[in-house]
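Based on these hints, arrange chain U on the given structure of chain C.
Residue strings, one per chain:
Protein chains: 2
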Amino acid sequence: MPLLFVLAESALERIPKELWKHPSVIKTARSRRKRPGSMLLDRSLHHHAMKNLPLAEKRGRPDIVHTTLLYVMGTPLNRAGLLRTYVHTVDDHVIEIDPTTRLPKNYNRFVGLIEQLYEEGEVPPGGPPLLKLRRETLPELVERLEPDRVIAFTRLGEPKTMEEAMRPLAPLGKPMVIVGGFPHGHFSKRTTSLADELICIDEEGLDAWVVAARAIYEFEKATGLTRKRLPKRKSPGE
Amino acid sequence: MPLLFVLAESALERIPKELWKHPSVIKTARSRRKRPGSMLLDRSLHHHAMKNLPLAEKRGRPDIVHTTLLYVMGTPLNRAGLLRTYVHTVDDHVIEIDPTTRLPKNYNRFVGLIEQLYEEGEVPPGGPPLLKLRRETLPELVERLEPDRVIAFTRLGEPKTMEEAMRPLAPLGKPMVIVGGFPHGHFSKRTTSLADELICIDEEGLDAWVVAARAIYEFEKATGLTRKRLPKRKSPGE
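Residue numbers (the working numbering), protein chains in the order written: chain C, 1 to 238; chain U, 1 to 238.
Hints are not guaranteed to be accurate.
The list treats identical chains as interchangeable, and a pair is accepted whether it falls inside one copy or across any two copies.
[Stated by the list, open to error] Calculated cross-link-like contacts (lysine to any residue; reagent style SDA-like; alpha-carbon spacing at most 25 Å):
#1 K232 / L198
#2 K21 / N106
#3 K228 / P36
#4 K132 / G37
#5 K160 / K232
For the record, the hints were derived by calculation from the structure and aren't laboratory data.
Just chain C, same shape as in the assembly:
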């Protein structure tokens, strides 16, 4: 403990310059009264604009980050202060999220918050920062955090149940779990080479939030937290 959770190569970035003049981008910029370069790339709005973008299948899905973070930040492990959460993006930024952060549950507000984060470098701008953004590659992040073991989940890994994967991490001081934050495709070689172990938990590709949820839950179970957090009573109101 604590567990370091990294959503890696996440499909989150600002709209790249080569798309600023595309009609769908101009349209969202006008209706939101923003500069194209200050908005997040979002396939649900910019699908056609993304057609000629390199590696397009791994880009433009901030909703994956949002849904996964909603899950992760709401776990008992995080509430107990035993989880550290990082979002590494496809264009090598890292967002560090304070465990006490209450993220917007609404998607549009989440997008607005992340856009503000890219403008300011941290949010909220006044008080102590809850989200911090820096330019950092995944190898740099791993080097900075110094985990004692790194496991990554990929369909190309060794088949193991999540319980088998997470139980060995429980006694460690600072284990790290890496889950892919993109809709299709596989980790880059740079990412897989960082992992001590590559693990496959299902015969089908699973959504990032499903993998994250199960990893965190099995870590809670393996460390005894699940049982420790049960209320000490037998019936209501006692």
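Chain U alone, transformed into the frame defined by chain C:
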């Protein structure tokens, strides 16, 4: 098997008549070119309008339904065809979701789909329906589905780990799990009286999607599905 999953008293409804003339409602109606009565109530847009609404703390949160369904529909249990998913709403509608449905990952598209569902009664309008809507109370739904056991999760229930809660359901023919689809408060008496057992899994109130995720996962484990779905190989590409 299968497991019946019910998100109950969910904070999902169309904007009620008494709010149609509120400025924030008129504003969203104009920008979306919709009638106020055909749009979903959403606290992130209609917070001020909701001030005098009865039971407001349990209403106007379609994002809770969206996030929970994203999780539920992506589980191996659902992909294996062993999960039946129902959304019961605070104003007594029931949405039945075909297990093969691929819900919009984007929140705004999800809202549009549910609004269309309320207009048409089922979607998509042409082909075989993936989502069906009917007027139905929770007692009526339970009576129609005839589960052999019903458990509901609430902080007022008996403290048990999720594993202890779900293991006894595995051998049953048609067990039902009820999770609250609202942000604050507790189930109504009408709901709790339907359950054979009320269970509390944590000392704090947890988000609907966290409870749903853990219930489904423990059911998978208890039925042996998790292990059965591991690929039959030892290393990549074999």
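Consistency of the hints with the structure:
Taking the closest pair of Cα atoms, K232 and L198 come within 25 Å of each other only across two copies (16 Å); inside a single copy the shortest separation is 39 Å, beyond that limit. Proximity of K21 to N106 under the C-alpha cut-off of 25 Å is restricted to the inter-copy arrangement: shortest distance 24 Å between copies versus 28 Å within a copy. In this homomeric assembly, K228 and P36 never come within 25 Å of each other (Cα to Cα): the closest approach is 49 Å inside a single copy and 48 Å across copies. In the homo-oligomer, the alpha carbons of K132 and G37 lie at most 25 Å apart inside one protomer (19 Å), although the nearest pairing across protomers, at 41 Å, exceeds that limit.
In this homomeric assembly, K160 and K232 come within 25 Å of each other (Cα to Cα) only across copies, at 10 Å, whereas the closest approach inside a single copy is 34 Å.
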